[in-house]
Each structure stands twice: as C-alpha cells, then as structure tokens.
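**Q** Residue numbers (numbering that gives the first Met the number 0), protein chains in the order written: chain A, 0 to 332; chain B, 0 to 334; chain C, 0 to 396.
These are calculated hints, taken from the structure and not from any lab test.
Cβ coordinates follow ideal geometry from the N, Cα and C atoms, glycine included.
You may find that some hints are simply not true.
Here are the in silico distance ranges between beta carbons for each label pair [to be verified]:
| id | chain 1 | residue 1 | chain 2 | residue 2 | range |
| --- | --- | --- | --- | --- | --- |
| 1 | B | Arg-129 | A | Leu-143 | 54 to 62 Å |
| 2 | C | Arg-119 | B | Ala-230 | 43 to 51 Å |
| 3 | B | Ala-230 | C | Ala-156 | 20 to 28 Å |
| 4 | A | Leu-315 | B | Asn-102 | 55 to 63 Å |
| 5 | A | Glu-319 | B | Asp-249 | 15 to 23 Å |
| 6 | B | Leu-310 | C | Glu-194 | 51 to 59 Å |
| 7 | A | Leu-170 | B | Gly-80 | 15 to 23 Å |
| 8 | A | Glu-319 | B | Gly-80 | 26 to 34 Å |
| 9 | B | Pro-194 | A | Leu-143 | 31 to 39 Å |
| 10 | B | Glu-28 | A | Arg-196 | 53 to 61 Å |
| 11 | B | Phe-287 | C | Gly-147 | 45 to 53 Å |
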Amino acid sequence: MTVQQASPPFTIERDHALALLHQMLRIRRFEEKCVELYSATKIRGFVHLYIGEEAVAAGVMPALAADDAIVATYREHGQALARGLPMRAVMAEMYGRVEGCSRGRGGSMHLFDAAARFYGGNAIVGGGLPLAVGVALADRMRGLNRVTACFFGDGAAAEGVFHESLNLASLWQLPVLFLCENNLYAMGTALERAHARTDLAARAASYGLPSEAIDGMDVLAVEAATARAAAEVRAGGGPRFLEFRTYRFRAHSLYDPELYRDRDEVERWKARDPIALFAGALREQGLLDDEAMARLEDDVAAEIADAVAFAEAGALEPVEDLTRFVYSEERRP
Amino acid sequence: MTATLPATVKLTYREAMRAAIREALQRDERVFLMGEDVGRYGGCFAVSQGLLAEFGPERVRDTPLSEDTFVGAGIGAALAGMRPIVEIMTVNFSLLALDQIMNNAATLLHMSGGQFNVPLVIRMTTGAGRQLAAQHSHSLEGWFAHIPGLKILVPATLEDARGMLWPALQDPDPVLIFENGRLYTLEGELPAEPPPVDIAHAAVRRPGDDLTLITYGGTLGTALAAADRLAAEGIDAEVIDLRVLRPLDDATVLASVARTHRAVIVDEGWRSGGLSAEVSARIMEGAFYDLDAPVARVCSAEVPMPYPYHLEQAALPQPDTVAAAARALIGAAHG
Amino acid sequence: MAEFRMPSLGADMETGKLAQWLVKPGDRVARGDIVAVVETQKGAIDVEIFEGGVVQQILVPEGSEVPVGTPLALVDGAVPSASAPPVAAAPSLPGTPAPSAAASPAAVPAPAAPVPAAPRVRASPAARRLAAELAVDLATVRGTRLDGAVTLDDVRAAAAAKAPAPAPAPVPAAEDRAAAMRAAIAAAMSRSKREIPHYYLGTEIDLKRALDWLEAGNRKRPITERLLPAVLLLKAVALAVREVPETNGFWVDGAFRPSTPVHLGVAISLPHGGLVAPAIHDADGLSLDALMAALRDVVERARVGRLRSSEVTDPTITVTNLGEQGVGTVYGVIYPPQVALVGFGAVVERPWAVGGLLGVRPIVSATLSADHRASVGHRGARFLAAIDRLLQEPEKL
C-alpha cells in the first residue's frame with residue numbers, strides 16, 4: 000500500500016479551503032478550551048482529545064451526504080463538530096447539561112444526534128463496527144442509497160469484532176465506509192507491539208474490501224480519498240476501507256506521563272501539524288493571509304465563547320428524572 | 000343462538016414459534032430473521048424450517064459464526080428503521096455477543112438522551128436436559144434480567160411461544176426471548192387464530208391456597224407436576240409462571256404470597272446471585288409480614304452441566320425436589 | 000442460659016425479700032409467668048419472669064432478703080455471672096393505667112418497663128403479626144414447624160384455645176390461669192403503647208345531681224341492694240358509646256371494625272397487683288340494678304381468678320376507675336384491639352361556678368384515651384360531652 004498524498008500545487012476554491020481550515024481550527028480551539036475547562040473542573044470524566052487528528056474529521060465530513068450515517072468513537076469531538084453538531088450542544092454535553100446533544104447523559108465519549116444521523120460516540124473499542132454494518136443493512140433493505148461511515152482506531156483492528164464486521168460487510172456487500180484513524184497507539188500500546196502485521200489497510204483488503212492508506216495529516220488527501228470511496232460505495236460497489244495515518248499530539252485522555260512514546264517522535268509528528276501544514280500551503284497559494292487567519296481565529300473564539308456561555312447557563316437534569324431513557328417513553332411507529 | 004367453537008390446531012412449541020415468526024414476516028416488511036443456520040439449515044432446532052423458501056434470503060439471513068457482529072448488526076438495523084429478529088443458537092453462545100447486548104442494545108437509548116431506541120428482538124435457546132453438556136445447557140436468562148434497558152421474556156407454554164413474538168416486535172426497546180430447549184417438543188392445541196398475549200405480567204397457571212410455587216420457562220412443567228403430587232397429599236399449591244423476568248411482575252407474586260404465606264422458587268438457573276435470589280428478595284421486601292415460613296428455592300446444582308443423563312437430571316430441579324421443598328415449608332402443621 | 004434476678008419493683012426499692020417460690024427446678028416457665036412472691040416495703044408482689052425455659056436451679060431460698068439485681072434462679076442452664084448489675088427500672092405492673100396527679104400525658108410512664116433481654120421466640124413474620132393482632136403472647140405458643148417456629152396456624156390455635164396456657168407447671172390451676180392472664184396483659188399493653196397512636200382528652204364533670212339522685216334512691220333500698228356511684232359512670236359510658244360508635248370495637252388488620260354490642264370492660268386490680276378488665280356484656284341495655292349485679296359478680300370472680308375467658312377477650316371498650324386510690328386523673332392505656340379506654344378519677348369536692356355563683360360541688364375527672372386511627376379528637380370530645388350530659392339526668396340512666 001502506498002500512502003496517497005495530495006501533492007501541491009493544487010487547485011481549490013478559496014471558500015472551500017478556508018472552510019476546511021476553519022473546521023480544523025474549531026476542533027483544535029474547542030478542545031484546547033476543554034482542557035482549560037477540565038482543569039477548572041467544569042468538565043469531568045474521560046476527555047479524549049483529537050488534537051493532531053483534525054484533518055481526518057474535517058476532511059471526511061464534506062465528502063458525505065446529509066443523510067449518510069456516522070458511527071463514531073469515544074475520541075469524537077472532532078467527528079461531531081465536523082458533522083455539524085452545534086458546538087453549543089457539544090459543549091453543553093461536556094458540561095453534563097440537559098441542553099447537551101445527549102441531554103448530558105453521555106458526556107465526552109457519547110455524543111449523539113439523531114437529526115445528523117450521528118449514531119454516537121462508542122467507548123467500546125470496535126463496538127461501533129457491527130452497528131455500522133447493521134445501519135448499512137437497514138438502509139439497503141429499505142432501498143435507501145446511503146453510506147454509513149464508521150470511525151475506529153488502530154486499536155480496534157486487534158478486536159475480533161473488527162474482523163467479523165469487515166467480513167460480514169464484505170460478504171453482504173453493504174454500503175459501509177470503514178474509516179480507520181491510525182494514530183499508532185491503542186492508548187499506550189504501540190501498533191507494532193500489538194499487531195503481527197501493522198499494515199492495517201492490507202489486512203482489511205484480505206476480506207475483499209478495496210482498501211487504501213491515506214496521509215491523515217493532509218486534509219485535502221483525506222477529503223479526496225473519502226469522496227472517491229464514498230462514491231464507489233454509493234454506486235453499489237460494497238464496503239471500502241480507508242486507513243488515515245495520523246497522530247495525536249496530546250495524551251490518551253487529557254493528561255498522562257506519556258511513558259510509552261518518545262518526545263522526539265511527538266515533535267516529529269507535530270512538525271506535520273495538519274493545521275499548520277494546510278495553512279502554509281494556502282499561504283503559498285495566496286489563498287490565506289494574516290488578516291484572513293485572524294478573522295478565522297476570531298470567528299472560532301467567538302463561537303467557543305458563545306458555546307461556553309450556553310453550557311454555563313444550561314440546566315441540570317432533575318434527579319427525579321434519573322431513570323428516564325432506560326425504556327422508551329412512548330411507542331414509536 | 001349457536002356458539003361456534005373456535006377452530007383449533009394441534010402443534011408443537013417449535014411449530015408455534017415458527018408460526019409466530021412467519022406471521023411477523025408476513026405482517027411487517029421491516030421484520031427479518033437473522034442468525035446462524037436460520038436459512039438453509041432450517042434453524043439449529045428447526046424452528047425456522049421453510050421460512051427461507053417462503054421469504055427469500057434477504058429476509059431470512061444466514062450469518063457467519065460471529066455472534067458479536069450479527070447481534071450488533073441487528074442493533075444497527077433496528078436503529079435505522081428495521082425490526083430484526085436475531086437468533087442465537089444457545090444462551091452459552093450469546094456470551095460472545097454480550098458486549099453488543101449490554102454495551103449497545105441496553106444503553107443506547109439512555110446514552111443518547113432518548114434519541115435512539117433499539118426495537119430489536121433476540122431469540123435464543125436456553126436450558127438443559129438434552130445431554131448437551133456444559134457449553135450448551137445453561138440457564139443464564141437471570142444474568143440478562145440484571146440489565147436495565149432490556150426486557151426478558153420466557154415463553155413456557157404454547158400460547159406464549161405463539162403469542163409473545165409479535166408484541167415483542169412492537170416494543171420500542173430490545174427484547175430477549177429465551178426458549179427452553181426441552182419445550183420444543185411440547186405439544187398441544189391452540190386456536191387457529193390465537194388471541195394476543197401480554198408481555199408484562201406473570202400468570203397464575205394453577206390456583207392454590209397453601210403455598211406458591213414461582214417459576215418460569217422449562218421448570219413450569221416441573222412445578223406443575225410437583226403441585227399435582229402435593230395435591231394428592233392435601234397440599235394446595237399455586238403455580239405462578241413469571242413469563243417476564245424483566246421487568247418482574249412483583250404484584251402477582253406478592254398478591255399470591257400474601258394469600259398463601261409460603262413461597263418456593265423453582266429456577267433452572269444457579270442459586271447464587273440468580274433470578275431466584277432476586278424473586279426471594281422482592282418477596283422479603285414486599286411481603287415479609289405475610290410470610291409464615293422462610294422463602295425456599297429449588298435451583299440447578301452449582302456445577303457446569305454434566306453430560307451423563309443421571310447426573311444432568313440430578314443437577315436439575317425435579318418434581319420430587321420441588322414437592323419436598325414445599326412439604327418442608329408447610330412443616331409439621333400439615334403432617 | 001439466663002438468670003432470673005431480683006427485680007426492681009419501684010424506683011426506691013433497693014432490696015427485696017423472696018417470700019415464696021412458685022416454681023421449682025425442672026419446672027417449665029414461660030415469659031410472663033408468675034414465679035415468685037417478693038415482699039417489699041410496700042407489700043407482697045407477684046413477680047413474673049421474662050425468660051421462658053426450664054428452671055435449672057434456685058439460687059436464693061425463701062425468706063432471704065437480697066439486693067435488686069441478685070440472681071435468684073437459673074433458667075435453661077444459665078451460669079451465674081461474677082457481678083450482677085441491678086435490673087434497670089421497676090416494671091410498673093404492665094397493664095395498669097398509670098395514675099398521675101399531673102395533667103400532662105407526658106408524665107405517664109410507659110407501661111412496658113425495660114426487662115432483661117429474652118431469647119427471641121422463633122416465629123414467622125406473619126405469625127408475629129397475627130399474634131399481635133389477637134393479643135396472643137408468642138412465648139406461650141408452641142411452634143409446630145419442623146424447626147420449632149411458631150406459624151400462623153399455631154397462633155390461630157392458641158387464640159382459639161383462648162386461655163394461652165403455658166406449658167404445664169406444678170402450680171395450682173388458679174394461679175396458672177392468673178399467670179397466663181398476666182402474661183397476656185403484659186404483651187397487650189406493650190403492644191398498645193408500641194402500635195396505637197393514643198390521644199387523650201379530659202374533662203371535669205359535676206356529679207352533684209347524679210350523686211344526690213343516687214343517695215335519695217339508696218335510702219329506700221336495703222344495704223345489699225344499694226347502687227355504687229361507679230354504676231352510674233359505667234352506664235353513662237355505655238350509653239355515650241352509642242352516640243360515638245367510633246369508640247366501640249376493634250382495630251384489626253389495619254381497619255376499624257365497629258361493634259354493635261357494647262361489652263364494657265371493667266378494670267379490676269387483683270390482690271397481687273395484677274389487673275384484668277373483664278367484660279360486662281351488653282352493658283348499654285342493662286338496668287342500673289342489673290349492671291350493679293353484673294359488676295359485683297365480675298369483680299368477685301376476678302379476685303378469685305374465675306373469670307370466663309370470653310369475658311377477658313370480649314370487651315369492646317374499657318372503663319378504669321381509680322377513684323378509690325385517690326387519683327385525680329387517669330391517662331389509660333388502650334387494651335388492644337380495642338380503640339378506647341375511659342378513665343375516672345376520685346370524686347372530690349371542688350369550688351365550682353354554677354349559674355354565676357361559686358359553690359362546692361362533687362367533681363370527677365373523666366378522661367378518654369382513644370386510638371387516633373379509629374376516631375378523631377372532635378368525636379372523642381363529643382363522647383366525653385355525652386357522658387357529662389347523661390350524668391346530669393341520672394334518672395334516665
């Protein structure tokens with residue numbers, strides 16, 4: 000497998016380019032704010048940061064249609080924001096407020112949005128893959144030409160359910176887009192310490208899925224590969240597998256001593272920061288200047304400030320409602 | 000005025016279950032059956048025989064041996080608008096899918112703040128008595144009854160085998176149906192147009208005044224046989240079929256115990272931490288001052304189920320052991 | 000297993016003289032049995048045991064005077080302890096409506112005094128509940144379950160047998176019956192204070208007209224046929240019950256069951272300090288003469304332990320009259336499952352305003368102890384008012 004890269008010079012409309020950059024910046028600044036809020040004890044629980052991996056979500060989502068489905072991971076703030084979940088609702092969820100996208104019941108790891116067909120952050124590694132297979136099965140049985148995009152990490156590839164799901168989706172030729180965010184670590188366990196064969200795209204291919212590995216730090220490469228694969232899936236070509244090679248710059252969850260990786264390695268990857276990489280390319284193309292960059296940052300800062308204020312003003316679920324949503328409250332047709 | 004008796008048909012539990020699946024496939028195009036060997040093979044226990052020919056491979060789907068994934072796929076399909084019936088061969092195999100059942104089916108509605116319900120039915124075989132040894136014979140429905148978000152049904156009669164599936168499919172939340180393997184050959188008459196059954200209440204299968212035998216599933220027959228023996232001795236036992244293990248119908252149990260003042264719980268599951276412990280605790284909580292004797296339990300011996308016939312039978316609740324427990328409760332007052 | 004110790008029979012009692020043993024080693028005793036007579040500065044008192052079992056050994060011979068708390072006997076093979084702490088408080092004769100000159104109910108001591116811990120009777124929860132309802136002392140019931148526990152049927156059988164007889168002991172039959180009765184009363188009074196939400200109402204009634212009428216009538220009668228003032232009070236109560244039926248009947252199974260007949264329980268203290276409250280059946284329909292005769296009869300028989308068991312269990316309401324002891328006001332304990340008890344104090348001459356003028360009149364304090372589950376204060380007040388009104392027209396009684 001070769002890693003596909005969009006090699007500059009490239010042609011891109013300025014508005015779209017700035018939109019991609021804006022999306023990555025939203026995710027980055029949102030999470031930086033989350034770190035601050037966590038330190039101030041406004042946010043609790045596990046908070047798995049996506050910083051460093053923004054190009055994946057920001058590149059995937061524009062390639063999907065509004066009625067496609069998303070099955071996300073527990074490191075899904077970026078996936079949720081890029082999919083269009085309102086930042087207010089995501090931040091309120093981080094705060095555990097009723098106005099949160101899961102009424103505060105899920106928290107950082109369980110962001111849901113039915114309207115966006117965002118089937119949730121799943122915190123069992125690999126647990127989302129069978130769901131995606133089933134959602135795709137339903138769409139096909141109902142005659143709906145939709146794609147189900149399923150995110151998971153490199154750690155999931157070690158789970159049996161990964162192999163079962165790829166097999167079943169391929170066997171039944173279901174419209175699933177398997178999106179592996181390979182950040183090289185399953186928590187603290189490096190890929191090569193857990194897998195006899197580290198080329199995940201090659202292993203996926205063994206189930207008969209067309210598979211490719213993409214530079215996950217290059218938002219344009221991500222977008223292009225996803226658009227291509229989604230079109231093939233939509234055309235009835237069965238499932239596809241994309242492995243995005245990326246890296247998380249911060250700890251597994253907020254803070255850890257990072258005993259499992261070299262500081263040099265982190266610095267090498269940071270040199271390929273997807274935001275800096277893309278911003279630099281846009282500047283070279285003359286599509287971005289300081290003023291435009293400042294405007295983007297201001298926009299993002301204002302949106303985050305608004306989201307924090309919204310979450311701060313949010314309500315807590317009354318304790319009397321503790322046992323709601325264990326069973327459905329009304330029968331659905 | 001003449002009354003016409005409703006037409007009845009003679010059938011087995013297996014056939015009743017098949018008729019229920021068939022009816023569901025006919026009535027609702029969102030319904031499909033999925034599992035290992037449900038299609039060409041006709042079902043491991045021949046429940047789905049003939050359905051592939053009638054409904055085709057889209058709606059009667061053979062799956063690979065990957066319980067976690069095909070159960071998860073059932074959850075996903077339910078999330079996205081279908082009404083899947085997922086069959087797992089035996090409750091022991093369902094442990095391979097426990098992650099999907101517990102971490103997704105039971106939690107998604109709650110984690111999503113009420114946005115995503117899972118209208119899924121999972122059927123599986125449970126119970127011992129067919130010399131299938133320690134990986135095909137256990138009664139783990141009590142484990143599943145521990146999990147908030149699930150509903151647990153245990154059809155013990157032909158009526159329930161025929162009638163529980165459709166209301167389960169109408170339920171907006173995941174429903175697990177446990178079919179005791181010994182019951183598949185149970186035979187009897189049912190109305191050709193069977194009346195609907197509820198999936199919320201326990202049923203009094205035999206009224207009585209002296210004590211209450213509380214059971215479900217495969218041991219309903221055991222309890223009824225014990226009640227017959229006791230009747231011959233002048234002890235009038237009431238037999239309650241729980242039918243629904245979650246949510247438990249406390250009211251029926253407590254009302255009976257308030258009358259009889261004595262209860263024996265008969266559970267094919269193990270005693271320690273099992274469903275019988277739960278029922279016993281609820282009686283203690285809700286009917287303590289009605290009790291005239293300690294609640295008694297007759298459960299399976301705490302061993303992995305052995306293969307030889309005599310040991311397997313010794314491990315299971317039997318009419319004799321149930322009757323003996325009942326007599327001990329009545330004590331010397333009844334000689 | 001347990002030591003039977005010299006009880007404290009009054010706050011100021013430090014020692015007691017063991018006057019008589021009513022049991023001997025080998026005898027089986029039940030909780031509540033009278034096992035000894037103890038002489039105190041206030042007189043001889045029957046002493047009950049709170050521990051069931053078999054008397055193993057008598058430690059203190061008759062005639063000995065020992066400090067409160069001294070082990071007197073061993074029951075069920077108990078061994079004497081090195082130091083014997085004194086029994087905490089005086090068992091103030093369970094069942095005796097506590098007299099009090101003060102007007103506050105709070106001053107009434109609880110009838111159940113702290114007692115040495117008894118081994119818990121093995122009984123099913125349902126049997127316990129039924130025993131409480133039927134005022135059956137579980138300690139007197141033999142359990143027939145295989146494990147010896149008392150069941151519902153055992154309690155029903157015991158209740159049906161009426162006299163809850165303890166295991167046979169070589170004591171005179173009359174004493175045996177009396178002991179059993181005492182045990183039942185002790186259990187009933189404890190249960191009453193535990194379970195019945197009592198409320199208390201009191202009023203003072205001018206008895207001048209009633210007593211004048213009585214005196215005038217008695218003058219015309221031979222001494223043996225003279226009426227006591229108590230009869231007027233009893234009749235007034237029996238008739239007032241008809242007006243406020245919530246005071247007459249039983250609280251059973253969580254509900255009030257009113258009684259149409261009025262069986263008036265009359266509290267009678269017994270020679271050794273015990274108490275019974277046998278019924279005068281259909282008291283509301285008896286003439287004053289018949290009521291007087293019934294009262295004499297029942298008092299006489301009570302004092303010799305010849306009450307019929309139905310008389311003990313039948314009362315639908317109880318009257319206690321402690322006037323003879325000079326008590327001002329009575330705050331009684333309801334005898335379950337009854338729902339009311341009327342208490343009368345002494346008739347005393349008091350300054351009393353009548354028609355704007357101060358005079359001296361014979362006044363009696365009448366109190367009602369009532370079960371708040373069966374009646375409310377408003378109805379209780381009406382009941383006392385009716386007694387007052389009835390006593391103002393003695394000729395109609």
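**Q** Among all the numbered hints in the text so far, which are the ones the structure does not match?
**A** Numbers 1, 2, 4, 10 and 11, in rising order.
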